[in-house]
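K.L.:
Quick note, the sequences are listed as chains E and B, same order. Residue numbering for the first sequence follows my numbering, starting at 1 and increasing by one per position. Residue numbering for the second sequence follows my numbering, starting at 1001 and increasing by one per position.
Please note: incorrect hints may appear among the correct ones.
What the hints assert, rightly or not - With a Cα cut of at most 30 Å, we get these calculated DSS-like pairs of lysine-lysine:
| # | chain 1 | residue 1 | chain 2 | residue 2 |
| --- | --- | --- | --- | --- |
| 1 | B | LYS1059 | B | LYS1199 |
| 2 | E | LYS48 | B | LYS1199 |
| 3 | B | LYS1059 | E | LYS48 |
| 4 | E | LYS3 | E | LYS96 |
As the list claims (entries may be wrong) - Cβ pair distances, simulated, as ranges:
| # | chain 1 | residue 1 | chain 2 | residue 2 | range |
| --- | --- | --- | --- | --- | --- |
| 5 | E | GLU83 | B | THR1019 | 18 to 28 Å |
| 6 | B | TYR1095 | E | LYS48 | 50 to 60 Å |
| 7 | E | LEU117 | B | SER1038 | 31 to 41 Å |
| 8 | E | PHE27 | B | THR1019 | 33 to 43 Å |
| 9 | E | LEU143 | B | SER1203 | 32 to 42 Å |
| 10 | E | GLN207 | B | PHE1027 | 27 to 37 Å |
| 11 | E | LYS3 | B | SER1244 | 54 to 64 Å |
| 12 | E | PRO229 | B | LEU1170 | 48 to 58 Å |
Rather than coming from a laboratory, the hints here were simulated on the basis of the structure. Here a beta-carbon is modelled for each residue, glycine too, at the ideal position from N, C-alpha and C.
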Amino acid sequence: MRKYAHSFLVGLQSNLVYRWNFAVRGFFSLFHLAVVFILWGAAYSGTKAIGGFSFGQTLTYFLVMLVMQFFVGAFNEDYQISEEIRNGLINQFLLKPINYFLYRFSIFVAARLVTGLLILLPLLVAVPLLHDYLTLPSDLWRLPLGLVAMVQSALIQFSIAYCFGMLTFWFLEIQGFVILSMAVESILGGQMFPLDLLPGGIYRAAQFLPFYYQTYFPVAIFTGRLNDPGAVAQGLAIQFGWVVILLSVNQLLWTRGLRRHTAVGG
Amino acid sequence: MPRFLQIWFASARYSIIRTLMFRMDFFVWSLVELFWMSVNLLLIAVIYDHTSSIAGWSKYEMLLLVGTALLVQRFLMGFFWSSIFEMGRNIRSGYFDFFLAQPGNILFMATTRKLDPDGLVNSFVAMGVVAYAAHRLNLHPTAVDLALYAAMILCGLVIHYSILVISVSLAFWMTSAQGVEGIYFTLAEFSRLPREAFKGLASLVFVWLVPVVVVSNAPARTILHGFQPGWVLAIAGAAALWFSAAVIIFHLGLRRYASASS
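Pulled out of the complex, with its shape left as it was, chain B reads as follows:
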């Protein structure tokens, strides 16, 4: 574990130095992420101008939910997005050889190589949204609730990471898997909706089969209603299951990888 951390710190240091070299890029991309977050928040504001409840959730409860969903997404963007996005392109082009030649766990090396400080900066904005919503709801979560919330955000991050790795791993099988990363963004849209809005087939697919709804609803409910064992189990179990699936699918794909570069 310390060795993994050592490698990760070296990569993070390199990414931060690179960001400092391209300060304008950092500014533009931070603004891009901020704008897209605002788009989602504005949607909520407009709907609640015309109705008082969405599936039983009040305006600020919904804001807390959307803030939580955005927080998980910002962490994914900051810690993993660039590396995983490049992984897909590298598999297609043959540049993935570079990672096979490195003395370390291939999945770890390939998915943690780049850090995006612009995504991480905006995670503070998402935290601000959650804190503001909690304040407007007059909530006073205990230290245990906050620790549980953080642990669930981590589980949510693992689930999003796994979904993205699985989507991009399709590049091992498909020669033309360009744009497959879009699957992630499509699924992420569902995580901004409350669990109660899903009924029938939609509930089966987006709550249980692909747990994108659990990722945001479980931590948000902990802040809103305190510790709920069912939701803790659901998100921890889903994280373990999806991470295992991502590791298996990635390694199955790796066996099919035939370098195209040399």
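Okay, chain E solo, but in the shape it has when bound:
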């Protein structure tokens, strides 16, 4: 376990080197928040509620979604893994008593800790401006269940990125697949709009897909879009199922991929 703690610390240091890049990225996210504010503000101009939620609740949803992405989202882990496979850098992990998945995951956790804390800086600017609109439910049960959902979301996000990285064993270039998947994730993960605004049948179908649990699920718990603790517990069980499935796929792709791998360089 100590070796992964060490990887975590190295990841922490290397991500702190790029703190300004992340901070700039965080400030640019505020522009996205401005688009959300303008678009949804205009949509709400003729109505008090959309999908049963006020403008303040919708704005809060997008703000929490932004924070969630910086805390649990996979940024470029897929490309990093892909690069290590292509350049032959993974060869060193095959020769050492270290699990590549755990090594990568410990770096991912360190990176999200840094980006998650850095997004709080631009929020210091945004929150006072939006203070009058923001509204969060105060039920205590949301905190523990939301945090569990967040941890499982991080595992799902990382596992999907890891799967895409593993595709490098079969394909030279994975960028197209990754950006294609990002488009699907942005819709079914609730980044473009709250998923509960989808027609009932589609929304229910989305609840069985892993994308629903990537970001929408924890955000919906924290912002009051999911209000039944029983339904949330059921969601946590489905989310756990997806974690297990994706971790198994990760392992399968790793063992199958290594059979195809030709170690060049090192």
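The hints should help you fit chain B onto chain E, whose structure is shown.
P.N.:
For chain B alone, kept in the frame of chain E given last:
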């Protein structure tokens, strides 16, 4: 001018041959762009499921606006994106020397070298979205309106091109300007919104200072309401101003360029 066209045709021919060599890549990237366009259209569809108007714009008016914004963006992606994106990397790595050694206008050579047929293919989808919206609105634009629309799309393309060149030119000053191209995508998000939605400071910044809203709203309004001199002047003036700024900033940056390759 014929010489520029000759060089551009040679580059385009090379890009198309290259695309034909990597057909799977072309298919995947066309699909990627199509998916991202669908994401934007789906957002509009979902919002209008719950409301009848966004800042006074009906569903199909909004679709026409978003289609127009996507059309300008597809043209930028098809004609310039790869070249300008690589320009930033080349400045950082020192490979930009290659363009300095070429017998031609440096900005032209560096920003038109590659053509992306996948972006251009999807421009037909964007045109289809605009035509479908116009049909649902029962609009019958005259030939003059259509010619004006095309001219404004061209002006919009010039504005987007200039914003991207200025963003990437920051690489001349910043050693770590990686991801600066993202500025363009952030600003492009505003161009899918109607002018009436912007108030106060947002109106000053995104309509007048950085005319990303004008780029889509001016041509869309020409199809919706016919010729409006104010909007024509706004977009033509903004295009001239931003292109001049891009040329000046690029050349100022060029003076700072110190090759890193040799």
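K.L.:
Hints first: check each against the structure and report whether it holds.
P.N.:
Here is what the structure says about each hint:
1. This hinted pair checks out: LYS1059 (chain B) and LYS1199 (chain B) have alpha carbons roughly 21 Å apart, not beyond 30 Å.
2. Our distance criterion of 30 Å between C-alpha atoms is met by LYS48 (chain E) and LYS1199 (chain B), whose separation comes to about 20 Å.
3. Restraint check for LYS1059 (chain B) and LYS48 (chain E): the C-alpha separation of about 19 Å stays at or below 30 Å, so the hint holds.
4. For the hint pairing LYS3 (chain E) with LYS96 (chain E), the CA-to-CA distance comes to about 11 Å; that is within 30 Å, so the pair holds.
5. Checked against the hint of 18 to 28 Å, the pair GLU83 (chain E) and THR1019 (chain B) passes, with Cβ atoms roughly 25 Å apart.
6. Checking the proposed 50 to 60 Å range against TYR1095 (chain B) and LYS48 (chain E) shows it holds: the Cβ atoms sit about 57 Å from each other.
7. For LEU117 (chain E) and SER1038 (chain B), the Cβ-Cβ distance of about 35 Å falls inside the hinted range of 31 to 41 Å, so the restraint holds.
8. Roughly 37 Å separates the CB atoms of PHE27 (chain E) and THR1019 (chain B), a value that falls within the hinted 33 to 43 Å.
9. Take LEU143 (chain E) and SER1203 (chain B): their Cβ atoms lie about 40 Å apart, and the range 32 to 42 Å holds.
10. With their beta carbons about 32 Å apart, GLN207 (chain E) and PHE1027 (chain B) fall inside the hinted range of 27 to 37 Å.
11. Separated by about 57 Å at the C-beta atoms, LYS3 (chain E) and SER1244 (chain B) satisfy the suggested range of 54 to 64 Å.
12. Checked against the hint of 48 to 58 Å, the C-beta distance between PRO229 (chain E) and LEU1170 (chain B) comes to roughly 50 Å, which is consistent with it.
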